[in-house]
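*Asks:* Chains as they are written, first to last, in the numbering used here: chain S, 1 to 256; chain D, 1 to 462.
FYI, nobody ran anything at the bench for these hints, they're computed from the structure. Just so you know, even glycine gets a beta-carbon here, dropped at the ideal spot from N, CA and C. Any given hint might turn out to be false.
As the list claims (entries may be wrong) - Taking CB as the label site, the calculated pair distances span:
no., chain 1, residue 1, chain 2, residue 2, range
1, D, Asn217, S, Pro163, 53 to 59 angstroms
2, S, Thr237, D, Thr335, 27 to 33 angstroms
3, S, Asp160, D, Asp53, 56 to 62 angstroms
4, D, Gly187, S, Leu185, 54 to 60 angstroms
5, D, Ala220, S, Gln143, 55 to 61 angstroms
6, D, Thr335, S, Glu142, 37 to 43 angstroms
7, D, Asp248, S, Leu170, 39 to 45 angstroms
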Amino acid sequence: MTNHFKAWKFALLSMAASLALAGCHHNKPINTTGLGIDNAPAAMGPAPTATLTADPLAIDLGQSVVLNWRTTNATSVVIDGIGPVPVNGTQTVSPANSTNFHLLARGDGGSVEANIRVTVRVPTVPTTTAEETSTTADMGSEQVFHQNVQDIFFDYDSSDLRPDAQTNALAAARYLASHPAIRVLIGGFCDDRGSAEYNITLGENRANAARQALISAGVAPGRLRVVSYGKERQFCTEETESCWQQNRRAQFNIDK
Amino acid sequence: MMPGTFRSISTRLATRVSQPALKSLLAAALFLCAAPMLHAQDWFHLETSTGADRIRIAVADFKPQSADPNTATCKRAFDTTLFADLNVAGIFDMVSKSQLPQVTPGVPAEMNLQQWAAPPATAAMVAFGNLSVQSGRIIVNGFLDDAKNTQFPQIFAKQYSEEASEDQARQIAHRFADEIIARLGGGITGIAETKIYYVKQTGENKEIWEMDYDGANQHAITHLGATSISPRVSPDNSRIAFSSLSRDGFQIRMYSLLLNRIVNFPTAPGANISPAWAPSGSQLAFSSSRSGRAEIWVSDPDGHVAHKITSFGRDASPTWNPKTGSQIAWISGRTGLPQLYVMDSDGSGVQRMTDGGYASSPSWSPNGQFLAFAWDRKYGPGAPGGQDIYIMEIATKRWIQLTHDIGRCDFPSWSPDGRHLVFSNNPDGHADHWRIMSMLADGTQKRALTGSGTDMPNWSWK
């Protein structure tokens with residue numbers, strides 16, 4: 001009993017462990033000699049019945065669930081992890097993990113069990129083992145990231161967002177909302193005309209404009225980091241307008 | 001008062017420049033001026049009316065006085081460097097080597113000045129001497145004679161001794177040349193011993209390099225494996241401030257030329273770029289976006305007690321008035337395209353200097369009177385013209401264009417004597433083909449100092 005209670009309380013990391021313990025109790029033989037004064041033979045009287053329900057059956061971590069049990073012909077009722085309880089009653093519980101609640105009702109005519117499983121949705125726990133297995137799922141792939149969070153392009157000597165950039169930002173924000181683990185590095189870039197030093201300030205303004213667009217679309221500022229590269233990193237090195245346009249951008253990358 | 005304006009520019013900048021070949025270039029510069037014009041003839045007249053023609057100087061090949069096998073190599077380096085230094089100084093009319101007398105005087109006793117004063121050499125001054133290499137040391141005796149003073153011709157005699165190497169032979173030639181310039185330059189100090197710091201592209205990275213003022217002795221200073229730009233050497237030649245791209249964006253870095261390593265400089269949020277030394281060496285101005293927008297900040301040389309002196313954003317590329325230390329010129333995009341501005345070093349008294357186009361990379365002349373900067377006066381897609389080097393007289397905002405039709409030019413930096421500019425040039429528009437050139441501050445005597453993949457030169461203060 002005590003063991004199970006501890007497991008229920010502390011076994012946060014492993015749902016499987018909790019289930020295994022519950023299963024163990026389920027199979028425990030009934031110790032009739034330990035029932036104290038109520039030492040009547042098992043065959044006497046009608047057999048007890050018991051029902052156990054939970055509402056709701058699934059909760060998020062931290063929410064609570066109401067257990068409701070009804071028995072007939074029972075003289076003692078025990079729920080694992082809670083202890084002796086009235087023959088009929090309700091109890092509000094807030095399990096930390098998905099749990100099988102196990103009720104044992106005893107009466108003059110024998111004993112009966114009832115079970116109910118409450119599912120607890122636990123967010124990813126930040127431990128190394130959990131992270132290794134869940135990284136790909138939470139961060140998405142680079143490819144999908146770039147499909148959804150597209151770079152923003154700018155006009156010549158400008159850090160104003162164009163209409164197509166606003167659309168990009170909204171799409172990017174949607175993707176980032178569904179992938180809360182992703183942090184974003186926003187790089188500011190300029191074409192290679194003009195001054196190397198001044199272009200770093202221009203690149204900074206472009207990256208900040210993109211950052212502001214994402215914040216306006218609901219992305220938390222803490223997830224965004226800005227670096228201006230000025231004209232020190234070129235995507236395209238020809239002296240043509242289409243090439244310059246390639247270089248005038250705010251680029252999004254997963255910030256690792 | 002327009003003529004007066006130009007007289008002051010021309011007399012200070014183009015002292016003793018009288019080559020007829022200049023005429024067309026200067027005329028072109030004048031025609032491009034937006035301000036009310038002068039006649040090109042006036043300009044040229046001013047050049048010759050200063051009354052100080054270039055001094056005609058002959059430089060004899062130095063006489064080898066040792067049998068050591070290194071003698072010939074050292075002598076060749078010495079002779080070449082000495083001639084080049086005096087030629088580049090811009091104050092001499094050099095006697096061509098082909099016009100020299102067929103003798104090699106090594107000591108004053110061997111010197112027959114009549115030979116050198118007579119045509120075709122017609123020298124007013126003669127530099128000569130001897131060079132020997134003995135037990136690993138190079139010894140140079142140098143003399144300067146006044147060919148027109150037959151009674152007491154010697155102006156000075158100097159002996160130099162260093163470890164024998166080609167590089168040391170060049171350094172001795174620089175020192176001898178600076179000595180000659182100090183005696184004959186009318187107050188001009190030589191620059192042959194100065195250094196130029198610059199950015200060298202090595203694969204993906206950019207490192208800070210150093211070279212002699214004439215392009216010799218190019219070697220790496222930093223080995224950071226990063227993108228480092230905008231080197232600015234301290235007034236005492238002890239440290240180089242620059243900006244380097246890290247995971248956190250551009251940060252100011254500091255390299256000690258005494259310790260030969262990076263020394264600590266605090267990082268700050270945002271882009272931290274374009275450091276500039278106050279002439280006292282006790283303050284550093286730079287652009288930082290740590291408060292949100294790119295502003296000019298001033299701190300001590302260790303990066304502490306940083307305070308902001310601008311407040312409208314998009315401010316970069318500061319340069320101090322090296323004469324007074326009380327003013328800063330910089331580039332600001334506060335009204336659109338970047339323009340040249342001047343303010344007091346506490347941020348007050350802001351004055352816009354350029355009236356349009358795209359201005360960048362100012363450098364303040366040592367005498368405090370001029371700003372050299374890069375300017376594309378018709379900036380924009382498809383606009384004619386290009387990015388060239390200009391100088392502006394601060395008091396009047398009148399300017400002269402110094403480069404024409406040689407491709408994009410940027411990053412002018414004044415020599416400590418205020419008579420030369422080093423700058424970067426891109427002859428063919430290819431991003432990897434930037435190189436470093438120098439010229440006299442009137443735009444003449446342009447020459448390339450480095451090959452492709454070099455940029456952002458900064459001339460040492462002494």
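*Asks:* Decide, hint by hint, whether the structure agrees.
*Replies:* Evaluation of the provided hints:
no.: 1; hint: Asn217(D) to Pro163(S): 53 to 59 angstroms; verdict: holds (55 angstroms)
no.: 2; hint: Thr237(S) to Thr335(D): 27 to 33 angstroms; verdict: holds (31 angstroms)
no.: 3; hint: Asp160(S) to Asp53(D): 56 to 62 angstroms; verdict: holds (57 angstroms)
no.: 4; hint: Gly187(D) to Leu185(S): 54 to 60 angstroms; verdict: holds (55 angstroms)
no.: 5; hint: Ala220(D) to Gln143(S): 55 to 61 angstroms; verdict: violated (39 angstroms)
no.: 6; hint: Thr335(D) to Glu142(S): 37 to 43 angstroms; verdict: holds (41 angstroms)
no.: 7; hint: Asp248(D) to Leu170(S): 39 to 45 angstroms; verdict: violated (29 angstroms)
Against the hints set out earlier in the document, violations occur for numbers 5, 7.
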